[in-house]
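All chains, full assembly: derive it from the sequences and hints.
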Amino acid sequence: MTPVIEMRNIVKMYSNGVVANKGINFSVERGEIHALVGENGAGKSTLMKILYGLEQPTEGELLLDGKTVEFKSPQEAIANGIGMVHQNFMLVPSFTVAENVVLGAEPLGKGGMLDTKQALQVTADLSKQYGLRVDADAVLDSINVGMRQRVEILKMLYRGAQILILDEPTAVLTPQETQELFVAVRALVDQGKTVVFITHKLREVKEISDRVTVMRDGKLIGTQNTADTTTEDMARMMVGREVFLNVNKAPQNRGDKVMEVQNLSYVSEVGRVMLRNVSFNVYAGEVLGIAGVEGNGQTELVEVLTGLRPAASGDAMVHGKVVTSKTPREVRMAGVAHIPEDRLTNGLALDASIEENLIVDRYFDPPFRKGLMIDRKMVLKQGQDLIEEFNIRTPNGQLPVTSLSGGNMQKVIVAREFSSNPKVLIASQPTRGIDVGATEFIRDQLVQKRTDGAAVLLISADLLEVMSLSDRIIAVYEGEITGVFPDAASVSEEELGLYMLGVKRQSFEEMEAYL
Amino acid sequence: MSFNNILQSIFSALFVASVLRISTPIILPALGGLVSDLSGAINIALEGTMLVAAFTGVVVSAYTESVLLGVIAGILSGLLVAAILGVFHLHLKTDIILAGIAINIMATGGTIFLLYVLTGDKGNSSSLASGSMPFIDIPLIKDIPFLGTAFSGHNILVYVSFLLTWLLAVFLYRTRLGVHLRAVGENAEAAASVGINVLLVRWIALLMSGFFASLGGLNMSMAYLTLFQRDMTAGRGFIALAAVYLGGRKPWGVLIAAIIFGAFDALSNQLGSLDVAPQLVQVIPYVATIVALVVYNIRQKAVALERMRSFQEHELTAQQAVGD
Chain A
1 MTPVIEMRNI
11 VKMYSNGVVA
21 NKGINFSVER
31 GEIHALVGEN
41 GAGKSTLMKI
51 LYGLEQPTEG
61 ELLLDGKTVE
71 FKSPQEAIAN
81 GIGMVHQNFM
91 LVPSFTVAEN
101 VVLGAEPLGK
111 GGMLDTKQAL
121 QVTADLSKQY
131 GLRVDADAVL
141 DSINVGMRQR
151 VEILKMLYRG
161 AQILILDEPT
171 AVLTPQETQE
181 LFVAVRALVD
191 QGKTVVFITH
201 KLREVKEISD
211 RVTVMRDGKL
221 IGTQNTADTT
231 TEDMARMMVG
241 REVFLNVNKA
251 PQNRGDKVME
261 VQNLSYVSEV
271 GRVMLRNVSF
281 NVYAGEVLGI
291 AGVEGNGQTE
301 LVEVLTGLRP
311 AASGDAMVHG
321 KVVTSKTPRE
331 VRMAGVAHIP
341 EDRLTNGLAL
351 DASIEENLIV
361 DRYFDPPFRK
371 GLMIDRKMVL
381 KQGQDLIEEF
391 NIRTPNGQLP
401 VTSLSGGNMQ
411 KVIVAREFSS
421 NPKVLIASQP
431 TRGIDVGATE
441 FIRDQLVQKR
451 TDGAAVLLIS
461 ADLLEVMSLS
471 DRIIAVYEGE
481 ITGVFPDAAS
491 VSEEELGLYM
501 LGVKRQSFEE
511 MEAYL
Chain B
1 MSFNNILQSI
11 FSALFVASVL
21 RISTPIILPA
31 LGGLVSDLSG
41 AINIALEGTM
51 LVAAFTGVVV
61 SAYTESVLLG
71 VIAGILSGLL
81 VAAILGVFHL
91 HLKTDIILAG
101 IAINIMATGG
111 TIFLLYVLTG
121 DKGNSSSLAS
131 GSMPFIDIPL
141 IKDIPFLGTA
151 FSGHNILVYV
161 SFLLTWLLAV
171 FLYRTRLGVH
181 LRAVGENAEA
191 AASVGINVLL
201 VRWIALLMSG
211 FFASLGGLNM
221 SMAYLTLFQR
231 DMTAGRGFIA
241 LAAVYLGGRK
251 PWGVLIAAII
261 FGAFDALSNQ
271 LGSLDVAPQL
281 VQVIPYVATI
291 VALVVYNIRQ
301 KAVALERMRS
311 FQEHELTAQQ
321 AVGD
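Note that the protein sequences, when read in sequence, are chains A and B.
First residue of the first sequence? That's 1 in this note's numbering, and the numbers climb one at a time after it.
First residue of the second sequence? That's 1 in this note's numbering, and the numbers climb one at a time after it.
Calculated from the structure, these hints are not laboratory results.
Note that the structure is a prediction, hence the values are computed from the model and not measured.
A couple of the hints might just be wrong.
[What the hints assert, rightly or not] Result set (BS3-like, lysine-lysine): computed pairs, CA atoms no more than 30 Å apart in a straight line: (1) 117(A) x 128(A); (2) 326(A) x 301(B); (3) 326(A) x 249(A); (4) 423(A) x 326(A); (5) 72(A) x 93(B); (6) 370(A) x 326(A); (7) 370(A) x 381(A); (8) 110(A) x 250(B); (9) 504(A) x 219(A); (10) 257(A) x 326(A); (11) 117(A) x 250(B); (12) 257(A) x 504(A).
And the structure:
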């Protein structure tokens, strides 16, 4: 049987030289639910964007029902029956469900006026036919995320989609909504549709898919019948790597408890529980690594701990002093330093100079403040010192921070945070997107800080980084701690992967002593 | 004049008539502000557009001795101003606020300059014989005592402004283009993803905005007054923008908000006869605008915050219950 979709030898190289797809051969059979799994950055989104016409492949060809096709835009893909539901919904908040479904192809009635009744009817009919429960006349703003997602799917069906690509559809759903989605997905397939399901939750792959394709590092690792594979196998295919980093780490000299997190919970703006009763301690002289697939509450944890978001419940304390739901400055005064995951939004003032960025956390106190003014001489001196000490490549500190490369921008942040003599250092994705030299430098500095007695909390999507820098590791999955490993050196990547993907889970009693 | 007399004059047919008359040059640009705001661009150049149209209408009607040609020229000049804004904002990607301010300043200076060139006077165009748009007596209603005085005999634009409010409401909520316009303003990415031409829709919205604003300008110089005075719009283009928000960004709401501002304006005219400093009285419409906006924003924030809080609490307890 000819596959409904066949992608042959797809290569995608971006203009910045990043190769996201390295010769992928991927095919989907008509009427199947095909799961596409892989870590963040494995290249699965790029592959699907090519299929949907959002990106053009550098090499390779795309066949639809055996015929070569080329999509220059999503409109062309939709016209050929391919629809994609993105993670961030493409919906208009003040419109009703029906208005959103028919947007761009509205039914018209008498005198060229919109036929609202017809729109409501079509939406209700589609909703019934595929078991995608929506209130056709509800305003989008007033419905929950699960229903919004169903609206997106209906939108694609209204436009005649035969093949639906769902990009991490369960990432925003509660367990109940996920079950409801699965029922609808099965109904779609029963009525002849084909579904490609992107996810990194292996439990869901097992539950919903007929076949599964695993991608890693831009390559397709394998395609298998889901029934013939186990979650352990898939986890190994997803994260399996041979290389280990070489980090020189002095033996650990663990000190007193510095940071204490107790039953911390956080609920997002859209009402999703992102952190649920998280408790752990960070001790002086250790690196505590948080291992987890991105989007499992790490970002929220860091932002709550650093004062960027209020906690819904629970506390975090530094030497017994509460730091949750305080302002970022109060948190910093308590001895917390923060290397944020997004250096451009939260890490740097892009319009300011390098030396100004180096003192933004302390300009308000002497020696940088003299009377009511900033002491420019001290700022200059501090800038020169830190630029030298942290090897920031720049002619002088008065240049705008945007004149630096990504790696050197990150060094500015590291220099600022390290020079504040923190008791707790929270480093979130400290080496993301920077060159090898800067990466190595920053890793060495992190380990050095820990050896000097700071408590370091490391959050990284790079599992190797977490494993090689940490003394102790906590695995998180869906906002909860699933396992704790008191000796980072003795845990294998595969083992950790099972906890990160929610396949295995330690009981609270097992973990209690090591948190 | 005593306070009682003031009260009496406020509850009179003449006062209602003056509110309608004074509201019209706020209603019209407010409708223009609404269209562009819904498409995602705050048209801060309404003021300048009105001024240019008011000037052009007077000059052209005086030289051609045709009211119709004056009105057409006034509308075209307003569309031209909107087009300039469109080129800067939509194609050259200038910040629309900056481009709008530039247009407003240019309109103020440019109209005075041309006025001086044409008439030798920097203050007004009284030496030009400008035409006036017709005044309409409504049959039957004009003979009813109170209603006749209040609602009949107005300039045609007073009635047109109500008609346009209705047409705009139909356009925005019942036609494909209107719906696309609102979709573009709220989520341009979503609109583009279903094949809507975002740029084209934004152009149409800006030009419509220029059309409404130019009618507002013509209402000032070719209706009750038939001459152009320097800065004669006196901030109405900005008050119109306030009316857009106060009216909840809906056509009829905007109309009512504009009438409320017009009423304050009319009130300050009445109070002018009281023994108070005229400057204090004249400031009333502007203070009313600021107070209204502040109250509106405080209320909006409180509502949003309350909604967020109850939502979070509800979700957390609901999901905890499930989790246990």
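Going through the hints against the structure:
no. : hint            : result
1   : 117(A) x 128(A) : 16 Å, holds
2   : 326(A) x 301(B) : 22 Å, holds
3   : 326(A) x 249(A) : 34 Å, violated
4   : 423(A) x 326(A) : 17 Å, holds
5   : 72(A) x 93(B)   : 25 Å, holds
6   : 370(A) x 326(A) : 27 Å, holds
7   : 370(A) x 381(A) : 15 Å, holds
8   : 110(A) x 250(B) : 24 Å, holds
9   : 504(A) x 219(A) : 26 Å, holds
10  : 257(A) x 326(A) : 21 Å, holds
11  : 117(A) x 250(B) : 22 Å, holds
12  : 257(A) x 504(A) : 28 Å, holds
Checked against the numbered hints given earlier, this structure breaks only hint 3.
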